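Take these sequences, add in the hints, and give me the full structure.
Protein chains in written order, with UniProt numbering: chain W, 1 to 357; chain X, 1 to 265.
To be clear, the hints were calculated from the coordinates, so they are not data collected in a lab. Source: prediction; values computed, not measured. By construction, the Cβ of each residue, glycine as well, lies at the ideal position given by its N, Cα and C atoms. It is possible that part of the hints are untrue.
Examples of chain W residues toward chain X, derived with CB under 8 Å [claimed, not checked]:
1) A52
2) F54
3) P73
4) P74
5) H75
6) G78
7) L79
8) V81
9) V83
10) N85
11) F89
12) H91
13) A104
14) R105
15) I152
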Amino acid sequence: MSAPAVELRGVSVHFGRTVALRELDLTVGRGEALALLGPSGSGKSTALKAVAGFVRPHTGRVLLSGEDVTDLPPHRRGLGVVVQNYALFPHMRVADNVAFGLRARRMPRRQVEERVSEVLSMVGMADYRRRFPRELSGGQQQRVAIARALAIRPPVLLLDEPLSALDAALREEMLAELLRLRGELPDTALVYVTHDQGEALALADRIAVMRDARLVEVGPTDQLYHRPRTEFTASFLGAANLLPVEVVAAPGDGPATVRLAGAEFRAEPTGGPVAAGARAALGVRPHRVEVRTDGGMPARLLAVQWRGTGFRLDLELDGGTPLRAEVSSVDGLPPVGARVGVSIPDGCPLVTTGAGG
Amino acid sequence: MLFRTRRSRFLLWLAFGVLFGVVIAAPLAMVGLAAVAGTWNGVLPAEYTARHLADAASGDALASALVSVQTGLVASLAAVLVGTWAALAVRSAPRPVRRVVDTLLHLPVAVPSVVVGLSLLVAFSQPPLALNGTRWIVLVAHLVIVLPFGYGVVSGALDRADPALAEVAASLGAPPALVLWRVRLPLLAPALSASASLSLALSMGEVGATVMLYPPDWRTLPVSVFAQADRGEVFLAAASTVVLLGLTLVGLLTLGLAKGRAAER
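See below:
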């Protein structure tokens, strides 16, 4: 088996007294797409900068294709980097921006021309080669930035919040574009930093969830979504309600029985084994909560927000536990302030309280 | 906007006009008139002549003007080079070092030019660096006086520059020298031009340190003006001042054109 495209071994980064990244171990396989997902200040961008060589790890090693590059400056690493504000060279035309890396490598002029045309066509910007960056829209600048990074045929493409500066519609379009590019470049590994779970779910094969300079959890996308091991992952990836429950029975492997506000459910202990009598958190995604006029667990309807595609309901279970629900229609529901019935499906992930911070 | 009505705006412009007229325009106009005055006993000169201007553009005065131009060019070029180098260098230094160097580089602003002159005189009058009595001590003095401004302008521009540009350039395979040459310096071009303009203007007008240091063969125009006025040749001094103003203006316009072209890109 060949060495992974990127490997971080115990990488810590300090800025003065602040620890920006703590003992990160992570691998990205050849051609794999890994999303680094977390809120701001979680260390995800710092991890990316450590891979690119923009910051120097305090401890630990960075390996690219099995080669230790910890002491190599960025220009000797051969990675493609796309940053949030694109960082196009404002004094160069589009074609010169894209050609920059090729010329730095002293590629013959003809080949530079060919490669520039090739990557600009790949991102649909072939007609803009004579423009200056300031003459382009945000989405177009982003395409050029991606073309510039891809021109040098990097084995790894690092993307730092590449869509966060775009408006919602453009973000969707660029996300589709990135997915298409992934299909065209099956051998290029992708490390994608984002705070948007939607982008991470759409693009990544695996997701690494980060918080407070630490890696919380890493795993295949669907596993992390459906079987989160920590409270943080459950709430950050899919915005699950974390309901405090009591474990009634736990047969070891297989579903456990938990109790919440007098009702009992079956739950999947995804965060490791739980013992009967313990407190745990049940991760319930808002769209899995059913709200009716009666029956189920008694609750009070606190607020209704129309979200276009559906409605978001803020509820409070008897006993004071807040609960968010997403429903497609509020027809037949009583007005805000009234009492409703709530039901939660069996099989929701059960995580131990406090795990992962 | 505080001044909304026509009347209050008129009063504002009037106040500005009076201030500007008395403080800046009137003295300059007087110097301009004095430069072409034959005799001047009333409010305005009684007769006009080009003699003083001709004198100011020939002989000793001309030599003095050429000295000033050379001093200004050398000092501003050196200030831009050293200032830019220092501004770039301190950014890769640890924070405490950066703060100390930054303070040191700004120190000459706080020191009167006479003190700069005296300290150079004391420092460079003995071997091994006996610069006293040579033109070099004047050039050194000018560099010391304009360097903080040359450095400050470039440093300010670097503070506003996006570090991601240099990082991305490096990631694309460009070694530091190439990043500097192809990305960082071109983006600094407007600041370099502004830095040169400011340094040139300051150097062309410097008199406090120069008057203590200049050797007979390297007398700058402001020192000559000072000497002429001291001898009572006020009209010649005024004419020399007009020449000085003209030369400085030409230099600044040239640099301004370069700046405009750099900013266009």
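Here is how each hint holds up against the structure:
1. Interface hint status for W:A52: upheld, as the beta-carbon distance to the closest one in chain X is roughly 6 Å, under 8 Å.
2. Nearest Cβ of chain X to the Cβ of W:F54: about 5 Å, under the 8 Å cut. The hint holds.
3. Using the Cβ-Cβ criterion of 8 Å, the hint placing W:P73 at the interface with chain X is satisfied: the shortest such distance is roughly 7 Å.
4. Because the closest C-beta pair between W:P74 and chain X is about 4 Å apart, less than 8 Å, the hint holds.
5. With a cut of 8 Å, the hint placing W:H75 at the interface with chain X holds, because the nearest CB-to-CB distance is about 5 Å.
6. For W:G78, the interface hint holds, since its Cβ comes within 8 Å of a Cβ in chain X; the closest pair sits about 7 Å apart.
7. For W:L79, the suggested interface contact is upheld, since its CB lies about 6 Å from the closest CB of chain X, less than 8 Å.
8. About 4 Å separates the beta-carbon of W:V81 from the nearest beta-carbon of chain X, less than 8 Å, and the hint is met.
9. Annotation: interface hint on W:V83 holds; nearest CB of chain X at approximately 5 Å, less than 8 Å.
10. Below 8 Å, beta-carbon pairs count as interface contacts, and W:N85 has one with chain X at about 7 Å; its hint therefore holds.
11. Given the 8 Å rule on beta carbons, the hint for W:F89 holds: about 6 Å separates it from the nearest Cβ of chain X.
12. This hint holds: W:H91 has a C-beta 5 Å from the nearest C-beta of chain X, less than the 8 Å allowed.
13. Contact between W:A104 and chain X, as hinted, is supported at the beta carbon level, the nearest pair being about 4 Å apart and thus within 8 Å.
14. For W:R105, the interface hint holds, since its Cβ comes within 8 Å of a Cβ in chain X; the closest pair sits about 5 Å apart.
15. A distance limit of 8 Å between C-beta atoms decides the matter here; for W:I152 the minimum to chain X is near 6 Å, and the interface restraint holds.
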